[in-house]
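Participant: Given next are the chains, with one letter for each unit.
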Amino acid sequence: AQTVTQSQPEMSVQEAETVTLSCTYDTSENNYYLFWYKQPPSRQMILVIRQEAYKQQNATENRFSVNFQKAAKSFSLKISDSQLGDTAMYFCAFTYGGSQGNLIFGKGTKLSVKP
Amino acid sequence: GAVVSQHPSWVICKSGTSVKIECRSLDFQATTMFWYRQFPKQSLMLMATSNEGSKATYEQGVEKDKFLINHASLTLSTLTVTSAHPEDSSFYICRVGQGALISTDTQYFGPGTRLTVL
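Protein sequence lines, in the order shown, are assigned to chains A and B.
Using this note's numbering, read the first sequence as starting at -7 and increasing by one per residue.
Using this note's numbering, read the second sequence as starting at 863 and increasing by one per residue.
These are calculated hints, taken from the structure and not from any lab test.
Any given hint could turn out to be false.
As the list claims (entries may be wrong) - Partial pick of chain B residues on the chain A-facing surface, computed with a CB cut under 7 Å:
| # | residue |
| --- | --- |
| 1 | L906 |
| 2 | F971 |
| 3 | P973 |
| 4 | G974 |
Glycine included, C-beta positions come from ideal geometry on N, C-alpha and C.
Input sequences plus hints: build the corresponding full structure.
Facilitator: As structure tokens, then:
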């Protein structure tokens, strides 16, 4: 069975600083996809970044980047130049494709950006 | 603008009553929609897959007779919580994929519905 683990229930960072959120996963699949979703206080889930397992290059989206370590099954999210609007719950998610329902979430990390 | 809408955004009901939650895909047709449940400070747990024109598929442990799903059209799925009890109080979120491939097609989430059962 696939599992996604986020070991940091809560984190905080000062505005303009950099923070890294951790995520590990377990799967026997070789080809899969990983995501980071943001859920702000409005509760609307927003895709932050995605990574295909077959790509060695780490994905980046503006201030957001990932450190994908396939052998270690690790997928951390780095937020640079943190902004107050980054305050949210962040969920790591995994899918190996197949059934559309197959999108497994971690328990989330609550990130607070302090002014 | 919003791609997926949910109605209502917040509902309070008495124990024993039924509550209907709607999920609408505003920008594209969707033969499949997904319903999640999120308890406070917890992750999203998939409850069921709503299939247009056929029966919903429920995840293990989810009571199909309690959580009725109807996918009446290609843009609307409804989740009815029947005989609601306080333990059903939760945040319910729907997800819609723009295509058939979860791996590559963009997934859109509704804004969620907060259900409080007194």
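Participant: Run every hint past the structure and note whether it holds.
Facilitator: Right, here's what the structure says about each hint:
{"no.": "1", "hint": "L906", "verdict": "holds, 5 Å"}
{"no.": "2", "hint": "F971", "verdict": "holds, 4 Å"}
{"no.": "3", "hint": "P973", "verdict": "holds, 5 Å"}
{"no.": "4", "hint": "G974", "verdict": "holds, 5 Å"}
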